[in-house]
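J.: Sequence:
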Amino acid sequence: MTKVLLSIPKEFLSTVDRVAVSQQRSRSELIREALRTYINRKNMPSIEKANKNAEILDELIG
44 MTKVLLSIPK EFLSTVDRVA VSQQRSRSEL IREALRTYIN RKNMPSIEKA
94 NKNAEILDEL IG
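When you line the sequence shown up against the working numbering, it's residues 44 to 105, in that order.
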C-alpha cells in the first residue's frame with residue numbers, strides 16, 4: 044500500500060482520532076472510508092441517491 048503525506052489541522056485530526064477509537068478502527072481506515080464515500084457520491088447519477096447512501100453509511104459507522 045502506498046503512503047500519502049497529508050496536512051490536517053490538529054483540531055480536526057483530534058476529531059478523526061476520536062471517531063476512529065470509538066469505532067475501533069485505525070485512523071487510516073477511517074480516512075480511506077471517508078474518501079471512498081466522497082468519490083462514490085461524486086460518481087452517483089443523482090444527488091438523492093448519493094445522500095441516501097451516505098445516510099446508510101452514517102447509520103452503519105455512526
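Simulated from the structure, these hints should not be mistaken for laboratory data.
You may find that some hints are simply not true.
[As the list claims (entries may be wrong)] Pairwise CB distance ranges, derived in the manner of DEER restraints:
# : residue 1 : residue 2 : range
1 : D101      : S71       : 17 to 23 Å
2 : R84       : V62       : 16 to 22 Å
3 : K95       : L48       : 32 to 38 Å
4 : S89       : S57       : 30 to 36 Å
5 : S89       : I51       : 27 to 33 Å
6 : D101      : V47       : 31 to 37 Å
Here the structure is a predicted model, which means the values were calculated and not measured.
From the three backbone atoms N, C-alpha and C, an ideal C-beta is built for every residue, glycine too.
J.: A separate judgement is required for each hint: does it hold in the structure or not?
T.: Outcome of the hint check:
{"no.": "1", "hint": "D101 - S71: 17 to 23 Å", "verdict": "holds (20 Å)"}
{"no.": "2", "hint": "R84 - V62: 16 to 22 Å", "verdict": "holds (19 Å)"}
{"no.": "3", "hint": "K95 - L48: 32 to 38 Å", "verdict": "holds (34 Å)"}
{"no.": "4", "hint": "S89 - S57: 30 to 36 Å", "verdict": "holds (35 Å)"}
{"no.": "5", "hint": "S89 - I51: 27 to 33 Å", "verdict": "holds (31 Å)"}
{"no.": "6", "hint": "D101 - V47: 31 to 37 Å", "verdict": "violated (25 Å)"}
Checked against the numbered hints above, the structure breaks only hint 6 and satisfies the rest.
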